[in-house]
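Visitor: So you can see what is in the structure, the chains are spelled out below.
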Amino acid sequence: MDAGLLEQMLLGALLGLSVYLPLRCGQLSLATPGFFAIGGTVAALLSTRVPALAGSGSTYPITSVLLEMALAALLTGVLALGLGRVVLRLRGIYLAIATIALVEILRVVTLNLEFTGGALGIFGIPQPFNSAAGYAAFTLALLALICWLCDRLEKTRPGRAMAAIRDDELAAASQGINTADTKLLAFVLSALVAGITGVVAAHFLNSWNAKLGNFDASITTLAFVVFGGSRTWLGPVFGGLLLTALPELLRPVGDLRLIVFGAVILVGPLFFPQGVITPELFKWFKPRIGGITTAAAQGVKQ
Amino acid sequence: MEGLLQLLFNGLSVGAVYSLFALGYTLVFSVLGVINFAHGAIFTMGAYFTYLLIGGAVGANGLLAGLQFPFALPFWLALPLAGIAAATVALVVERIAFRPLRDRGSDPLLALITSLGAGVILVNLIQLLVGAESYSIPVGTLGSLPAALSIAGAKVRTVQVMLLAISGLLLAALSIWINGSRSGKALQAVSEDPVTAQLLGINSARVIQIAFGISGFLAGMAGGLVGLSISIAGPYFGIGYGLKGLGVLVLGGLGSVPGAVLGGLIIGLAEACVPADLSGYKDAVSFGFLFLVLLIRPQGLLGRPQANKV
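Which chain is which? The protein sequence lines are A and B, in order.
So for the first sequence, this note's numbering puts the first residue at 1; every next one is plus one.
So for the second sequence, this note's numbering puts the first residue at 303; every next one is plus one.
Worth flagging that the hints you see were computed from the coordinates, not collected in a lab.
All values reported here derive from a predicted model rather than from experimental measurement.
Some hints could be false.
Selected chain A positions facing chain B (in silico; Cβ < 8 Å) [unchecked claim]: (1) L90; (2) A98; (3) L102; (4) V108; (5) L222; (6) A223; (7) P269.
Pairwise CB distance ranges (calculated) [to be verified]: (8) B:R599 to A:A171: 24 to 30 Å; (9) A:A171 to B:L369: 54 to 60 Å; (10) A:F282 to B:Q500: 36 to 42 Å; (11) A:P51 to B:L580: 30 to 36 Å; (12) B:R599 to A:T59: 49 to 55 Å; (13) A:D216 to B:G482: 51 to 57 Å; (14) B:G582 to A:T59: 33 to 39 Å; (15) B:L594 to A:D2: 23 to 29 Å.
Ideal placement from N, C-alpha and C gives every residue a C-beta, glycine not left out.
This is chain A alone, in the form it adopts within the complex:
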């Protein structure tokens, strides 16, 4: 497979995880592309304007990329902390629309500011890797790390609190869960993932402009999660990988590919209302994969 496509798929999976985090807590936030755009802009500005980061080698140093990631995470985290307090008072569709508004405001401001390069954007972002395969390996490691963290989150107290809020917010609150803080945690984590992903994407794409964080991106990333499933981290990863690859895989059908893409997101929720990947799927698979031990363990539990 083409390493460039693989890299795009991995970035799609990361963005899917960013949308999944608040959604698992029952909060439909479409702010991911906004934070993604901030991360990308931070990387583009730092790597093209700060000579100290460029290093002496022929390629841009990885340590500088990591530094950009840290700064992007800091910026998006602080921003999400401030904004989250305010927007998370809204529910359901109101929250979705407020976050769309945020993304649009950010896009228009980036488009008009002088130092972000206006409509043209920033060009010539230095390359830390010589090939797309290098990017793919780096992003795969990043994705694995974030998946592991999400898996830990799902199995610990804050993660379970998130699932409880999703099922019934009032009931969760009455059980002593601090719903406001838990929702804020999910929102901030989502922003961090999107910001870090933006840094990698900016280097990979070599140029950055305001168009990369628009409404279309909000909706496609949401489609990753709804298609893949929002109850376990594997869902958005699966949805992100598959739906990013789909338009490319459909290239043989030529002009029809976006129409087929539309048809897939139209039909997917009809057959998989919970998304393709659900926790029940694992229960069904586990005795077969894990062999006798898990089956026996389940028997003991029952």
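Take the given structure of chain A and dock chain B to it, following the hints.
Guide: Coordinates of chain B only, in the frame set by chain A:
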């Protein structure tokens, strides 16, 4: 004084289109509680239908290259026909993207995704059929009407007056229908409580279809009017309006008909007031407004507050 009047006219005529657009969203939202993301694409279709019906020829880039209807209708006839065609498209969208989910009793939020899928299909279908180039409705379309009028010293484009007049007419007809007719009252009942409405003998499925039909008709007319006053900038041009419409919708209050009208006019006027050297920020105005309103009054200007149900 003339400047102020001019500003008022510009703002109101743009705002009227936003209102028409948001009304379509609001009708569907009031009966189903979800937003139809294919609405922008239906608006775009209305614009292309109008262009074809007045005798416009398709450019060289689509599958239908060179197609031209053998007749050229006058604009006043082409516009409502385009509205009806757009309404048909909206009914198809309801059938394939909304009804299957309802039949299965799925989470209503899924309709956001299915309607988005329908929108993607429609937009790309347009691109495939007629190409991505922009089309403009010729100036001579309005017959012997002058291009601009002079009202109290302010120069106003005839198109703007028409936009305002037709939107006003449609809004009046809509409110008479909702409050005065049997089917309009059925719509109100379904938006209040679909299950109870069904128990009282109202055919909810039928009411939902009516809501989609009218919503598509309004979107199609709005598309034709914008196509006439600005131009059809390509298959994607409805998306920007779709987003603005969302802003208007929430500003006025989700599901509130007078709210959608008020919201549209406010945002149109606010955009017209943005000075020329800051015009790049114009698109942020409606979203800035929206954001503030959501924080101060989450239910919108004329909406009802959400209940915190157990």
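Visitor: Each hint: holds or not?
Guide: Hint check:
1. L90: holds, 6 Å
2. A98: holds, 5 Å
3. L102: holds, 7 Å
4. V108: holds, 4 Å
5. L222: With a closest approach of 7 Å, the A:L222 hint holds.
6. A223: Hint on A:A223: holds, closest Cβ of chain B at ~6 Å, below 8 Å.
7. P269: holds, 4 Å
8. B:R599 to A:A171: 24 to 30 Å: holds, 28 Å
9. A:A171 to B:L369: 54 to 60 Å: The hint (54 to 60 Å, Cβ to Cβ) holds, given that A:A171 and B:L369 are roughly 59 Å apart.
10. A:F282 to B:Q500: 36 to 42 Å: For A:F282 and B:Q500 the Cβ distance comes to about 38 Å; the hint holds.
11. A:P51 to B:L580: 30 to 36 Å: holds, 34 Å
12. B:R599 to A:T59: 49 to 55 Å: With Cβ atoms ~53 Å apart, the hint holds.
13. A:D216 to B:G482: 51 to 57 Å: Hint violated: Cβ distance 41 Å, outside 51 to 57 Å.
14. B:G582 to A:T59: 33 to 39 Å: About 36 Å separates the Cβ atoms of B:G582 and A:T59, which means 33 to 39 Å holds.
15. B:L594 to A:D2: 23 to 29 Å: violated, 46 Å
In terms of the numbered hints stated before, the structure departs from hints 13 and 15, listed from lowest to highest.
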